[in-house]
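A.B. asks: Chains as they are written, first to last, in the working numbering: chain X, 519 to 897; chain H, 519 to 897; chain P, 519 to 897; chain Z, 519 to 897.
Just so you know, the hints here were simulated from the structure itself, not pulled from any lab data. Only a predicted model underlies this, so the values are computations on that prediction, with no experimental measurement involved. Don't be surprised by glycine CBs; every beta carbon is placed ideally from N, CA and C. There could be a bad hint or two in this list.
Some, not all, of what chain X presents toward chain P, calculated at C-beta under 8 angstroms [stated by the list, open to error]: (1) Val536; (2) Asp542; (3) Ile545; (4) Pro603; (5) Val606; (6) Ser609; (7) Val693; (8) Cys786.
4 protein chains.
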Amino acid sequence: MSAPRIKELRRAYGFDEVAIAPGDVTINPDQTNTTFSLDGQNFDIPIIASGMDAVVSPYFAGLMGKAGGLGVMNLEGVQSRYEDPSEVLDSISKASPEEATSALQKAYSAPIKENLVGERVKEIKAQGVRCAVSVTPALTKKLAPLAVEAGADLIFVQSTVTTSRHISKSTRGLVFSELLELINVPIIVGNCVGYDVALELMESGIHGVLVGVGPGAACTTREVTGVGVPQVTATLDCAAARDEYTRRTGRYVPIITDGGIRTGGDLCKAIACGADAVMIGSPLARAAEAPGKGYNWGMATPHPALPRGTRVHVGATGSLQQILFGPTSRTDGTQNLVGALAACMGMIGAFNIREMHRAEVIVAPSIKTEGKHFQRGGQ
Amino acid sequence: MSAPRIKELRRAYGFDEVAIAPGDVTINPDQTNTTFSLDGQNFDIPIIASGMDAVVSPYFAGLMGKAGGLGVMNLEGVQSRYEDPSEVLDSISKASPEEATSALQKAYSAPIKENLVGERVKEIKAQGVRCAVSVTPALTKKLAPLAVEAGADLIFVQSTVTTSRHISKSTRGLVFSELLELINVPIIVGNCVGYDVALELMESGIHGVLVGVGPGAACTTREVTGVGVPQVTATLDCAAARDEYTRRTGRYVPIITDGGIRTGGDLCKAIACGADAVMIGSPLARAAEAPGKGYNWGMATPHPALPRGTRVHVGATGSLQQILFGPTSRTDGTQNLVGALAACMGMIGAFNIREMHRAEVIVAPSIKTEGKHFQRGGQ
Amino acid sequence: MSAPRIKELRRAYGFDEVAIAPGDVTINPDQTNTTFSLDGQNFDIPIIASGMDAVVSPYFAGLMGKAGGLGVMNLEGVQSRYEDPSEVLDSISKASPEEATSALQKAYSAPIKENLVGERVKEIKAQGVRCAVSVTPALTKKLAPLAVEAGADLIFVQSTVTTSRHISKSTRGLVFSELLELINVPIIVGNCVGYDVALELMESGIHGVLVGVGPGAACTTREVTGVGVPQVTATLDCAAARDEYTRRTGRYVPIITDGGIRTGGDLCKAIACGADAVMIGSPLARAAEAPGKGYNWGMATPHPALPRGTRVHVGATGSLQQILFGPTSRTDGTQNLVGALAACMGMIGAFNIREMHRAEVIVAPSIKTEGKHFQRGGQ
Amino acid sequence: MSAPRIKELRRAYGFDEVAIAPGDVTINPDQTNTTFSLDGQNFDIPIIASGMDAVVSPYFAGLMGKAGGLGVMNLEGVQSRYEDPSEVLDSISKASPEEATSALQKAYSAPIKENLVGERVKEIKAQGVRCAVSVTPALTKKLAPLAVEAGADLIFVQSTVTTSRHISKSTRGLVFSELLELINVPIIVGNCVGYDVALELMESGIHGVLVGVGPGAACTTREVTGVGVPQVTATLDCAAARDEYTRRTGRYVPIITDGGIRTGGDLCKAIACGADAVMIGSPLARAAEAPGKGYNWGMATPHPALPRGTRVHVGATGSLQQILFGPTSRTDGTQNLVGALAACMGMIGAFNIREMHRAEVIVAPSIKTEGKHFQRGGQ
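Required output: the full structure, derived from the provided sequences and hints.
C.D. replies: Have a look at this one:
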């Protein structure tokens with residue numbers, strides 16, 4: 519079997535396979551700074567709620583904004599299909615397990631009402647917070663300008679895999695340079711993985727990149743199509759592209775790791791690998807205030823021929839405040855995400871997110887057999 | 519333990535350990551081309567049904583052909599042992615778990631009737647599709663000419679491990695160059711793994727190579743004899759041999775990954791690793807139209823001294839149409855295999871199978887602990 | 519994805535992933551010497567009981583000392599908060615699982631009484647053994663001198679992550695060189711991981727280094743904050759730092775692996791990786807004489823906003839004598855730790871701990887499927 | 519953590535992590551030769567039954583010999599402690615799980631009766647087969663000459679870890695060169711691992727080397743003391759030593775892999791890695807004729823202070839004939855071990871054991887998730 523020219527396989531890593539090494543200096547957590555900045559807009563915490571119907575309603579977007587983060591409202595979900603989405607959300611969360619998929623298919627068969635786009639944006643803005651909305655590439659040119667006109671501050675253009683070049687004979691692919699001329703607010707684009715694609719997206723002029731395609735082995739994209747890159751490797755690659763782009767141009771385009779983050783530990787690892795912020799869904803779907811009422815579901819669910827998501831019971835385990843800032847009695851890392859981040863920064867000696875990018879990340883597989891290690895009080 | 523000349527071990531990979539990285543460009547799935555070509559015969563989809571009695575009856579071969587693929591009928595199974603195989607198939611699928619092995623042993627103790635070979639071939643041809651049959655090397659010279667005479671379009675010569683040189687004192691080994699003079703239809707040979715063997719087989723003049731020996735750890739060949747090569751490595755090695763053979767001769771001999779494929783994701787990975795097509799059994803045994811009626815079993819099962827297979831319940835989960843093309847409500851990748859392939863090709867930017875061979879494949883172990891990742895609608 | 523300047527990840531190992539190779543010479547276990555020495559103080563066995571309330575009471579410290587090891591009493595736990603700690607210890611061990619966390623939080627809300635520090639130290643000394651106490655950096659300057667004045671022989675300064683440089687605006691970080699002038703007994707500092715930090719700590723003049731930060735994947739520090747280094751790698755790195763420090767200065771500063779050790783096998787691996795001694799909690803919390811009465815809990819538990827530990831039932835499985843020296847009928851490695859160490863030293867041909875540092879350690883993952891291997895009687 | 523002089527860890531492999539690649543040529547299994555030769559004594563099959571009381575009685579040794587292999591009788595077990603061992607064997611196999619350990623301890627507290635040594639040897643010889651016995655180093659000089667005098671053909675000197683140099687102040691270590699002058703039958707020595715130790719043992723003049731120390735993660739030696747080397751690596755290293763020794767001296771000293779072999783697959787892997795034969799216990803303890811009556815236990819069990827073995831239920835699953843030669847209806851590789859070996863040799867194209875040493879062995883971890891692969895009939 520000694521064969522020439524055999525394709526070589528690169529080893530990729532996921533969150534469960536790595537850990538962060540402590541630093542040479544430690545810092546009191548209360549002196550760390552978790553601020554995240556995107557094209558001049560500043561956020562106290564680097565946490566963005568995913569544009570999923572089970573996570574972000576206009577009300578939840580308001581809560582996220584007041585908490586110092588950002589909630590992204592999906593412009594193609596129930597919020598823009600129903601005058602009163604609470605009813606249809608109820609029909610999903612109250613459906614029996616057997617009815618769940620058909621309840622989802624029914625819910626998303628209603629058409630998008632363009633007039634609702636502006637209404638929802640204003641609903642968010644009325645709470646005194648920034649408004650972010652998400653659209654798919656196909657509907658961006660139609661819906662994004664309506665949102666911006668109504669006051670949206672950031673536009674997220676998202677599909678499972680996004681590149682700066684999409685080939686289609688049916689529709690002309692979205693060209694980001696053209697979109698940038700059309701709307702005058704920051705545009706965040708994704709999801710992508712890989713150094714080259716991230717670099718190309720940044721070169722198109724957009725303001726942020728979402729990182730993550732099929733990150734987990736349990737991810738349906740990976741199960742169904744084989745496509746996926748574990749998040750640690752995806753984040754490391756895109757962070758390298760961002761640093762190279764900054765070196766070439768002086769412009770800093772943040773990258774946001776989206777997908778696969780379940781705990782504070784995962785969040786910290788994403789940032790230690792180079793993420794400027796994270797986008798999370800399920801951890802926030804557990805908030806009592808989330809519209810999913812203890813459930814979460816993907817936005818690709820209604821696809822009739824090749825569904826890649828279903829309704830998942832996540833449970834309503836606490837308030838958004840607890841999930842983000844504690845206090846908590848849980849030791850599984852699903853609550854007080856910001857406290858965990860500050861504690862991590864203290865242990866690795868990072869004053870801010872950019873310094874955290876310099877942390878050492880090691881491969882330390884998740885063999886769940888070593889005994890519990892008991893901690894002492896911090897310094 | 520610092521020792522010289524210690525045998526070195528090469529790392530091999532299976533489907534569960536790898537993933538496909540998205541490409542730099544994306545393509546609308548409806549613009550991708552899944553055509554597969556073998557010695558001038560073209561197939562719309564690169565999916566071949568295994569020559570197993572639980573999978574391919576003449577009727578099922580007809581369905582596969584009409585769907586654009588190929589069904590291979592086993593010339594040494596019940597179809598050529600019984601005038602009416604439906605009865606014996608029933609006796610297997612209706613046997614209790616305790617009786618299954620003896621039902622199988624009884625079923626295969628009946629002799630092969632040479633007159634049935636031609637009959638079954640004509641049964642398949644009558645449906646207006648190509649006819650492919652499989653034989654073991656020992657019976658090839660006897661049965662293959664009968665099949666070709668009756669109209670068979672392709673001959674699959676298969677054993678657990680096939681090389682171009684087999685040493686036996688009892689019978690003279692099958693010499694492929696001699697076989698090629700005897701029959702004038704394409705001959706596909708396997709199963710093999712390894713660069714050198716694949717190259718040697720191609721050099722013998724045959725028209726296709728089946729790849730796969732004991733691919734999975736659960737594979738009985740590997741459990742019983744220790745022999746086996748995971749399919750990703752096997753496919754990469756044989757694809758390299760094919761490319762080298764093409765470079766030397768200009769003739770393109772397709773390789774077909776056979777074994778270990780359970781989902782659309784596995785199928786996509788096999789092709790991304792260099793397969794031109796795949797041969798699958800169990801995923802198609804789940805079709806309502808399959809003769810196994812929800813069961814599958816191996817063809818080596820009746821071996822009296824060293825059995826390496828048994829009857830397995832796979833369930834009849836949908837129509838062949840659904841399994842190949844959807845629509846489906848399953849998210850485990852076992853249905854709409856062609857849709858999954860097209861979606862994958864879109865994400866990696868491959869217009870056709872040959873371009874898909876250039877996809878990047880990464881090592882991304884299947885640690886089933888990362889949270890579900892929810893997908894957005896496609897572009 | 520061929521990208522330059524991507525952060526590289528180093529592979530780290532835990533106890534479950536390695537094994538010790540036997541030596542070229544074997545020694546009768548009764549000829550091996552397990553003595554451990556720290557700044558001139560000698561101990562018959564290299565085992566130190568963790569400064570945890572469930573493990574070390576003054577009485578248990580006496581037992582550990584008489585057994586030839588060392589028990590470290592926590593100066594910030596129940597022993598210095600309550601005149602009679604037995605009552606509050608009872609309230610924790612007798613609490614129902616639901617009440618455990620609140621029982622812990624209540625127990626640790628009582629203030630530290632400085633007068634009890636000296637009393638407990640004298641209680642230990644009265645048993646004719648050395649007295650070791652542990653403090654966190656924040657309280658070291660206040661409590662350590664009181665303990666030394668009362669007769670303490672060793673001071674352990676411990677926090678989750680300790681470096682020689684801690685940055686805080688609220689309080690001035692503990693400077694070890696200053697502490698060394700304040701008190702005149704050996705100071706052991708930790709926990710740390712990493713060559714550079716260990717070297718810097720040794721250069722500050724302290725007398726021992728505790729190694730271990732978030733060693734296991736199940737460790738809450740790693741789950742919650744992502745921070746942690748598996749113990750094999752942590753020990754190898756710090757041992758290299760010790761050897762380099764000895765080479766430069768001639769002074770030998772022992773390193774003590776603390777955390778993740780469950781069995782005699784783990785203990786042996788830690789020492790084969792370079793540890794001079796080990797600090798263990800849970801294995802000793804199983805002693806009938808331990809104050810936790812079959813339970814163990816971490817000292818960071820009461821942290822209100824980000825708890826990283828809880829009460830764990832470990833069971834009282836035998837006497838301290840059995841756990842350290844046998845005899846035992848258990849074959850899981852949790853009893854007769856010293857016998858296991860001597861047996862290991864015999865098999866690798868090491869007369870003493872320093873020689874054991876030269877053992878070959880191999881990566882041999884813990885795949886728990888190979889059959890039981892039955893042993894023959896020893897030589 | 520960039521640190522110099524950190525101890526490096528070599529990766530070691532066990533049976534579950536490797537597979538054998540098929541060869542470039544295949545051979546009919548009936549043309550393969552499984553003969554094994556040791557210092558001029560020839561055996562039809564390379565399978566040796568372990569010197570364990572649950573496996574080899576004089577009667578079972580007779581069966582193994584007639585089957586073409588070898589059964590080793592333990593000279594320090596019940597056979598030489600009791601006039602009629604059947605009673606005490608019954609007391610062990612019929613003890614309840616709770617009583618098993620004390621039944622073992624009681625059984626082995628009876629003294630060894632020197633007069634029984636010769637009696638048992640004669641009992642074996644009377645069946646017309648070769649007689650092999652095992653002793654520990656400490657009793658070798660006393661018991662081995664008695665056995666040889668009575669007609670023993672081979673002496674196995676075994677302890678957990680054997681080197682050519684054992685240091686002890688209580689007793690003078692066994693010197694193999696002296697032993698060779700004392701007795702004039704082949705001496706097989708073990709267990710060892712590692713190139714250097716194997717080479718040194720061969721240089722002492724002995725006639726065979728047993729390979730294996732704590733091979734599995736579940737092995738109690740490894741759990742208790744951390745010591746152990748997975749069998750694939752141990753076998754590869756010792757095979758390299760044998761080849762080097764042969765190169766230097768022209769004398770061929772076979773190595774026998776002992777421990778961790780559960781199936782025909784494991785057996786084949788051991789030989790493909792370089793073993794000349796295998797020693798197995800549990801697979802044979804399952805024979806209806808084995809004295810353990812469905813149970814197995816280690817010979818170190820009675821050790822009072824640090825037991826490393828216990829009674830294990832293995833079940834009596836078939837006759838010795840079935841286990842060695844089939845026929846079988848089991849597909850888990852535990853029966854027809856010789857048939858499996860011949861099938862393996864056929865697939866890798868090896869006419870004999872020495873040619874099998876040249877097979878390619880690959881790392882192919884045992885991820886038990888790929889679907890069953892169904893086999894076709896052999897060539």
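A.B. asks: Would you mind marking each hint as holding or not holding in the structure?
C.D. replies: Quick rundown of the hints versus the structure:
Among the interface hints, the one on Val536(X) holds; its C-beta lies about 6 angstroms from the nearest C-beta in chain P, closer than the 8 angstroms criterion. Proximity of Asp542(X) to chain P holds as hinted, the smallest CB-CB distance being about 5 angstroms (cut-off 8 angstroms). Interface restraint check for Ile545(X): the shortest CB-CB distance to chain P comes to about 5 angstroms, inside 8 angstroms, so the restraint holds. For Pro603(X), the shortest C-beta to C-beta distance to chain P is roughly 34 angstroms, which exceeds 8 angstroms, and the interface hint is violated.
Annotation: Val606(X) was flagged as interfacial toward chain P, and the flag is violated, the nearest CB pair being 36 angstroms apart, outside 8 angstroms. With 8 angstroms as the threshold, the beta carbon of Ser609(X) stays out of range of chain P, its nearest partner Cβ sitting at about 36 angstroms, so the hint is violated. This hint is violated: Val693(X) has a C-beta 24 angstroms from the nearest C-beta of chain P, more than the 8 angstroms allowed. Residue-level restraint check for Cys786(X) holds (minimum Cβ-Cβ distance to chain P is 4 angstroms; threshold 8 angstroms).
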